[in-house]
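Undergrad: Starting from the given sequences, assemble the full structure and let the hints guide the process.
Protein chains: 2
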Amino acid sequence: MDNINIDIQDSLTKMCVLARKAVSSLANLSNDKKNDLLMRVAGSIEKNRQNIREANNKDIECAEKLGKNKAFIDRLTLNDKRIDGMIKGLKEVVNLSDPVGRTLKDWERPNGLMISKVSVPIGVVGIIFESRPNVTCEAASLCFKSGNVVILKGGKESFESNLAIERCFEEALTSVGLPINCVKLVPFREREATSLLLKMDQFIDLIIPRGGESLIRFVSMNSSIPVIKHYKGVCHIYVDASADFDVAKKIILNAKIQRPAVCNAVETLLVHKDVARKFMPKIVKSLRNEDVTIRGCMKTLDMVDEEISLATDDDWYTEYLDLIISIKVVDSIDDAIAHITKYGSKHSDAIVSDDIASLDKFQKEVDSSAVFVNCSTRFNDGGEFGFGAEIGISTDKIHARGPMGLEELNIYKYIVKGSGQIRE
Amino acid sequence: MDNINIDIQDSLTKMCVLARKAVSSLANLSNDKKNDLLMRVAGSIEKNRQNIREANNKDIECAEKLGKNKAFIDRLTLNDKRIDGMIKGLKEVVNLSDPVGRTLKDWERPNGLMISKVSVPIGVVGIIFESRPNVTCEAASLCFKSGNVVILKGGKESFESNLAIERCFEEALTSVGLPINCVKLVPFREREATSLLLKMDQFIDLIIPRGGESLIRFVSMNSSIPVIKHYKGVCHIYVDASADFDVAKKIILNAKIQRPAVCNAVETLLVHKDVARKFMPKIVKSLRNEDVTIRGCMKTLDMVDEEISLATDDDWYTEYLDLIISIKVVDSIDDAIAHITKYGSKHSDAIVSDDIASLDKFQKEVDSSAVFVNCSTRFNDGGEFGFGAEIGISTDKIHARGPMGLEELNIYKYIVKGSGQIRE
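Listed in order, the protein sequences are those of chains U and S.
One point on numbering: in this note's numbering, the residue at position 266 of the first sequence is 266, and numbering is uninterrupted.
One point on numbering: in this note's numbering, the residue at position 349 of the second sequence is 349, and numbering is uninterrupted.
To be clear, the hints were calculated from the coordinates, so they are not data collected in a lab.
Fair warning: there could be bad hints in the mix.
What the hints assert, rightly or not - Below, computed lysine-lysine pairings styled on BS3-like, alpha-carbon distance capped at 30 angstroms:
{"no.": "1", "chain 1": "U", "residue 1": "Lys249", "chain 2": "S", "residue 2": "Lys117"}
{"no.": "2", "chain 1": "S", "residue 1": "Lys21", "chain 2": "U", "residue 2": "Lys21"}
{"no.": "3", "chain 1": "U", "residue 1": "Lys273", "chain 2": "U", "residue 2": "Lys361"}
{"no.": "4", "chain 1": "U", "residue 1": "Lys229", "chain 2": "S", "residue 2": "Lys273"}
{"no.": "5", "chain 1": "S", "residue 1": "Lys21", "chain 2": "U", "residue 2": "Lys342"}
Claimed, not checked - Here are the computed distance ranges between Cβ atoms for each label pair:
{"no.": "6", "chain 1": "S", "residue 1": "Lys14", "chain 2": "U", "residue 2": "Asp84", "range": "53 to 59 angstroms"}
{"no.": "7", "chain 1": "S", "residue 1": "Asp7", "chain 2": "U", "residue 2": "Lys285", "range": "36 to 42 angstroms"}
{"no.": "8", "chain 1": "U", "residue 1": "Lys65", "chain 2": "S", "residue 2": "Gly101", "range": "52 to 58 angstroms"}
Stated by the list, open to error - Here chain S is said to cover these stretches of chain U; the calculated rule only asks that three of the stretch's residues, wherever they fall, bring their Cβ under 8 angstroms from a Cβ of chain S:
{"no.": "9", "region": "103-113"}
{"no.": "10", "region": "285-296"}
Just so you know, these numbers come straight off a predicted model, no measurement behind them.
Using N, Cα and C, we set each Cβ at its ideal position, and we do this for glycine too.
TA: See the structure below:
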């Protein structure tokens, strides 16, 4: 390791030690105290609006100099509306119930032991994210409310903005006498800081990466800390032979068009061969009317008048995040499920059908975080599920799948009460 | 990579592809069919008892040549009693309820969507373990019953024994027409095979290492697959100022002596200063009567007549797994909790007290997988919790803590049923 990295490592280690120390201050904090803190953060953001905008302007200038594109600058920008959004978000988190200390289960053993399973915070959570600085506020508030200490490592481009937001948490924490280490930002722009952070398994209990595929891959390949990936969504809608065409059309358009750049938007449409010849021209026309680019299988191409390009094998694996959709005719529901199993990302997949056997089969056999029956994949979302807010949508197979809200930012411990029992 | 490693990698990749393919055969298998298979494995083990013993003898001879110690040879040995134990274990797993397909929660949203959270298998689970060959049978049966495909990598010393047990699963799987890839052993002795397996994140959903500290550390440092660690147990018993001495003595002796070589045995005793002078001579005498070696803090040394050695800072971190205990006098319950937080391993910690405020504080502030109140730490066990069987005791902070039984070998998916709902 060179000198800079040794400095970063020293500084990160100190930060992690202090974070670990803060765990006990936070784990059993009452809901009222947590809410009071979050309201103070909201107040501090309001008061420091100008500072936040100035810090954000520095980031934007820097990004412009580096020739970043418009979409990037947009994600980076904290205008008044977004700052209002942060404040509103904090107030929403205040209104959510405290996830800590719920009795999830309790039972008595024949020897008289009383066992209860109680929800507790995870401990220290590391959030690694990219350019959107409002994530700092959102992620920090959810971690705080769920009783977790949080260490945030944002993208280097939003460094100044993140610092300005961290200062609001610091101000609020100090004002109530809580350690400022409950919410800390990694004070380095370097990617090396991320690599080093991912090895701090002694101090950090969980890493949640939020961002593009390459970030998430980097994190999961380099972390010695457990990671819950919020990976890509290659989401499917399968139109069964028994589907109501109007329902199918409404759902497909919603899932593709309402917000194409998000992970629960649909990317691939699978149509049962028995209805393909009738349904395909209608849906292709509707999608084209909405400026959706279509990549179809050979059969799809044969069925429509519009000139559409042939989908490659790569297309089936692709999360377009754009007004593009790939379409395939399948021979059966088994074919559809096999396609989803092979090319999907276990995120959100839907069936449109009126046939009970098909619905049952699809629900059982499609292994996605959420399976949608006659409704849009766009509902895979913490807010839509009624969780109030989410830290992201997990595509992993352990701990949490789908929307991760406050409850999913908790784990449990067992409390076993006896009166002198010993093991025979 | 050299040629041998390329061969291993090719072979492992093929194995993993086939394992992934087997997932769908297993995920929705009925409880009856799973139980039938497990009974057939039991039959096959009975039938192949002689082959298993011969294979085991080869392993033992080899280990003896390598000069392995008696304890090692004992763990490796499959005598008739242990083979009976494997058969009995299979039958016990048959009697457990099917964890798959439980509705964990369901609710309706204002827009009419019906959401249910349903338990499903994790998928492909990799178990990495050391010398005890009976783990092969135990882990495979639990994974199978919970609907998971399992890939097992045992210690090189038990290679032949593990193969012989795998053959029994193979025979049973073939007899009912299930893919043999539902239960597979890595056919290499090399440790490189473990390193390569840990990078198969495309195919394997979860790794569970079972064994000593160095194995678990190796696995968690080298895995790109999520790992649930079953780590060491540096377990404490805290004797509060209000403790009933008889209860305390009974619990301490049980937790130290009943089976010292296991993770939920006690390693450190913390005694409140107000009762130390009275309690310490009694407990030290009792422990010495049971041949327990004692390492005490300076105050402990002052309080007893017996010659006991001074505990070093290292002692407080040590999982002795032996008839050794370290003892410390603490000034307060806060001191005790601080000691547990610093030196403990979040496994099993107990308080002996009759004071409600102390009990409440200890339960809340000690962050261990299980906190024991007036009972032995030895109860941190799947069987004792009523789970029937366990794959191990998790010391991690995500997915599962404490005993991991069949339910903890499952995760969930959401099923969202609508009638054409779209997102506005």
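Undergrad: State the violated hints by number, sorted upward, taking the hints as numbered earlier in the document.
TA: Numbers 2, 4, 7 and 10 - these are the hints that the structure violates, sorted from lowest upward.
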